[in-house]
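Position chain B relative to chain A; hints supplied.
Residue numbers (the working numbering), protein chains in the order written: chain A, 84 to 301; chain B, 84 to 301.
Because the hints were derived from the structure by calculation, they are not lab data.
Some clues are possibly wrong.
Copies of the same chain look alike in the list, so a pair counts if it works inside one copy or between any two.
When the alpha-carbon atoms are kept at most 20 angstroms apart in a straight line, the in silico PhoX-like pairs for lysine-lysine are as follows [as the list claims (entries may be wrong)]:
hint, residue 1, residue 2
1, Lys186, Lys161
2, Lys106, Lys142
3, Lys134, Lys122
4, Lys134, Lys186
5, Lys142, Lys161
6, Lys215, Lys134
7, Lys215, Lys186
In case you want the letters, here they are:
Number of protein chains: 2
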Amino acid sequence: MAEVQLFGLWGSFFSHRIEIALKLKGVEYEFIEEDLSNKSPLLLQYNSIHKKVPVLVHKGNPIAESRVILEYIDDTWKGHPILPENPHERANARFWAQFIDEKCRVALRNAYGCQEKEREEEATREACELLKTLENELKDRRFFGGDRIGLVDIVANFIGFWLGAIQEALEVKLFTEERFPKLYRWSEEFVNCSIIRESLPPRDKLISFMRRRYGLSS
Amino acid sequence: MAEVQLFGLWGSFFSHRIEIALKLKGVEYEFIEEDLSNKSPLLLQYNSIHKKVPVLVHKGNPIAESRVILEYIDDTWKGHPILPENPHERANARFWAQFIDEKCRVALRNAYGCQEKEREEEATREACELLKTLENELKDRRFFGGDRIGLVDIVANFIGFWLGAIQEALEVKLFTEERFPKLYRWSEEFVNCSIIRESLPPRDKLISFMRRRYGLSS
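Bound conformation, chain A alone (with noise of 0.2 angstroms):
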């Protein structure tokens, strides 16, 4: 068994984040990739609260749900620092990243997942309201964690590439340079980045699931 395994699934934005940070780090890790329609029984017992990836698992011990899982990561391996080391702006990172989690992440996902047009409408323009909030924290930094990549930046790795690849599936367009443009130049540093691109799932594949998913033909 290796020291450090990783149970994810590859279109996940959340195993994403952890694979993000192991890489930053240097860290070895065997992925295993789960089936969420026949879970493996070591990634129930890894995780019998939430039964969900991504898990980490480093000798042997299990680590669960993806900000605590990257919180760990930083707590363990020191190269590539993911938190900045003064108080203020550690918790400042934080405060971002559970914003983006908590009130992006949901307004995005009610935006895309809506049936009907008025509300539609009503969840789009909310989660416009957060990324521009977003936008506005990010300023005109290269990244949110400065010139390196950081907490803010790991956990806003939907915002950077998968929620281009939900538009182009949906046909929709939310997220645009126009509308967003620091936000926008930042997704393309983002993914960019050597470390990035060598671990995002393909676009293509990506697009096919989630038409697949929102229930379009692929």
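Below, chain B alone, put in the same frame as chain A:
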């Protein structure tokens, strides 16, 4: 201006979490009671994103979101560690703190806020299952933090104290000694700690507040 200020509400368990942490660390602070129907310009400035309490202001720098603030306090003041030193134990504490906030708290709010009998029963069943899961994690330890109060105990403050007040206000019994013997004993240990006891709101006042909040006469 005091070096440490806490913008909070007397009846909010989110605010109370921060008070516990500051008291455990022995940090002097000024408590600034907010009026939610007329929020102060300072609160709106310090937490312009969520416009909510609690906000901790340290040397003029604001930090929002209760679990983010708890981590900040632990990163900044070294006495009485709130999180364990060991990375795996730290991850475990963060996992359960998140479980309490995202699962137990939401389920209990649904169980007590429900108007329909059938949905209430389902919400109550779910809340009980989650509390049982939490109890299983506690095992026979005095606190979730072992011999002393840690992150999970602090975040579980609404189970340790608020839940009893809500139950008395609404005249319901979900969290009982018979049903959750270990978690109930934990709640007694918790409220009997001198630091917790000193910082809790008056129980009668909280019960009256809850009765008004749930539309019952006080």
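Hint-by-hint comparison with the structure:
1. Lys186 <-> Lys161: Neither: 30 angstroms inside a copy, 32 angstroms across copies.
2. Lys106 <-> Lys142: within (18 angstroms within a copy, 36 angstroms between copies)
3. Lys134 <-> Lys122: Cα proximity of Lys134 and Lys122: one copy only (8 angstroms, versus 41 angstroms across).
4. Lys134 <-> Lys186: Intra 23 angstroms, inter 14 angstroms, cutoff 20 angstroms: inter-copy only.
5. Lys142 <-> Lys161: Close inside one copy (17 angstroms), not across copies (29 angstroms); limit 20 angstroms.
6. Lys215 <-> Lys134: between (34 angstroms within a copy, 17 angstroms between copies)
7. Lys215 <-> Lys186: within (12 angstroms within a copy, 29 angstroms between copies)
Against the hints set out earlier in the document, a violation occurs for number 1 only.
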